[in-house]
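Chains as they are written, first to last, in the working numbering: chain A, 28 to 138; chain B, 2 to 116.
It is worth saying that the hints were derived from the structure and are not from the lab. A few of these clues could be false.
To be verified - Calculated from the model, a selection of chain B residues having no Cβ within reach of chain A, i.e. all distances over 12 Å:
#1 Pro9
#2 Leu12
#3 Ser25
#4 Gly29
#5 Pro84
#6 Ser95
#7 Leu113
#8 Thr114
Said to hold, decoys possible - Per label pair, the in silico range of CB-to-CB distance:
#9 A:Ser90 / B:Gly52: 32 to 38 Å
#10 A:Ala104 / B:Ser85: 32 to 38 Å
#11 A:Glu67 / B:Glu23: 16 to 22 Å
#12 A:Gln106 / B:Leu12: 31 to 37 Å
#13 A:Pro138 / B:Arg10: 28 to 34 Å
#14 A:Glu43 / B:Glu57: 40 to 46 Å
Keep in mind it's a predicted model, so treat the numbers as computed, not measured. We put the beta carbon where it would ideally sit given N, CA and C, even for glycine.
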Amino acid sequence: QQPVQSPQAVILREGEDAVINCSSSKALYSVHWYRQKHGEAPVFLMILLKGGEQKGHEKISASFNEKKQQSSLYLTASQLSYSGTYFCGTENGAGSYQLTFGKGTKLSVIP
Amino acid sequence: EADIYQTPRYLVIGTGKKITLECSQTMGHDKMYWYQQDPGMELHLIHYSYGVNSTEKGDLSSESTVSRIRTEHFPLTLESARPSHTSQYLCASSDTLGEGYYGYTFGSGTRLTVV
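Take the sequences, apply the hints, and build the full model.
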């Protein structure tokens, strides 16, 4: 079951904040977040595991509500480099390791 | 510096031809994946592997096949290319050993056009 992302697109001015949401109709074991710039491969940002463990590479925060099967990605004080399409990928069972991706949220940061 | 390599980067080929898209990773990851992505759209899982001699089909029906004879190599083959196969194909790998559970590392992709 494909997760649902919202919003589909958002335009920010530098320094503004944004929240991107990802929800699933199935129980989740983990949620991954990736950013893809035009013409490039997706880049891993963050993983949130059932039980609250969180691992990421960049200064971007996220939350994972297991009861609601939802995750949110928080982008604060946005920079031009944050522009791109953000995908959430969900893993439904522990040890499945397969991700089902949402349709993406296109984020544009303007000066 | 990329740790997962895909070749070719771009490929234009005629209908009916057999093609193999190459994917290699130098990280020693046991899990590898192939995703298909149309421009601006979501990624669809077409094949995955949990290790040598392990391959499974993903959610998206695909006429392609894969093999995993070596840990580092996960090629995808189309026996007879059709225009409907025109898309971008992304290879990825992941691991749960070492310092814990990390996300996917994606290759740069192969953009395939079948004419």
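*asked:* Need the list of violated hint numbers for this structure, in ascending order.
replied: 6, 10
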